[in-house]
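A.B. asks: Sequence:
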Amino acid sequence: MLEHATISPGQAHLAANLHTEIIWEVASLLMLSPSLNLESEESESDSFYKPSWSNLENFSRSSKALRTMSLRNWFRVVHIREESDFDFMARELPSIHKWAKAVCWIRPDPENDIEHARSGFSHFNGLTSARLFLPLDKDNYTSPEVLKALPRTICELEIFDGMWPSPIPFFSSIAEAFPDLCILQLRQPPVWCSMCYTCAIPRFSEPFPDKLVYTSGQGLPALYAGRLSSLQKLHTVELTIAVMKGRRALDVKSNPSLWSGECEQCVETVETDDPFRIPWINKKRNFTSIPPNLRRVEWRFLPMAAFDSEWTNLEQQGIYN
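Residue numbers (my numbering): 10 to 330.
Quick caveat, the hints were computed from the structure, so don't treat them as lab data. Ideal Cβ positions, reconstructed from N, Cα and C, are used throughout, including at glycine. Incorrect hints may have been included.
Said to hold, decoys possible - Computed Cβ-Cβ distance ranges for the label pairs, DEER-style: (1) Ser214 x Ile287: 21 to 31 angstroms; (2) Ala99 x Arg256: 47 to 57 angstroms; (3) Thr207 x Pro288: 20 to 30 angstroms; (4) Glu34 x Glu66: 18 to 28 angstroms; (5) Glu91 x Thr224: 37 to 47 angstroms; (6) Glu91 x Ile287: 53 to 63 angstroms; (7) Ser71 x Glu124: 35 to 45 angstroms; (8) Thr224 x Ser131: 31 to 41 angstroms; (9) Ser72 x Lys254: 53 to 63 angstroms; (10) Gln241 x Lys292: 18 to 28 angstroms.
Could you put together the complete structure from these sequences and hints?
C.D. replies: Okay, here's the thing in structure tokens:
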């Protein structure tokens, strides 16, 4: 019976395309697997993982089709350090605009780069993730303009070095610029205390905690949660902050005071003043001005001395890396 079976030209074409598509997808998964990154043992978010070109170079030389596949996958993540990088992409390899899914934007100058960047980003068709290193020599009152230059299609946002992470304009600008945001990751030394409205680096006694996780919609400073409450799709917030040596421990297992960014002085007030502590904790438990689908808030703590070194390698990359 099989010897009499026939395959029409259309069916043969479909089978050939399916075969090519399967090969393409399998090869792409292998290329983008962090396990292929033999140069580093550090784990990195899949959204921003970019293998070394040396891992793909031989593969790219196998055929024209595989070279296109290699380039497409390698430029899935684009690093932008200079204003001229936008011009290079448009002139030399405009296909990057449709290949790129994630961008790492490194130290933009909010006074000179923004209009050019806004024009450059307008050519990208499918950016959904952004990693932003804010400029160190500028105060973060300029960050709203930087954020607004990125496409509104961003669903995953990672911001480094928000040195003045105030509810206004910093968090308000995030909510306004990215209405479909699902994941927000912040790497910054200080945090805003919702009790005394000051920006400070938390202090705990040693050994410092590694992380503190909330899975019930709690855990954000009230001032942050209120500004992000309009984000209907936001489900995860990660905050990596610096810690310094202080007088009181943070017990991340019991966490009786539901710590969420309070400064050392306010922590002492909460822990020693029962008439104040009980209503304050009840207020935090019942706080309703939060993103409606928030499921996870994770605090990560780094000693101040080790803070900057954790991502030095991440920012020392350009479009050719």
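A.B. asks: Hint by hint, which ones does this structure get wrong, listed from lowest number up?
C.D. replies: Of the numbered hints, all hold.
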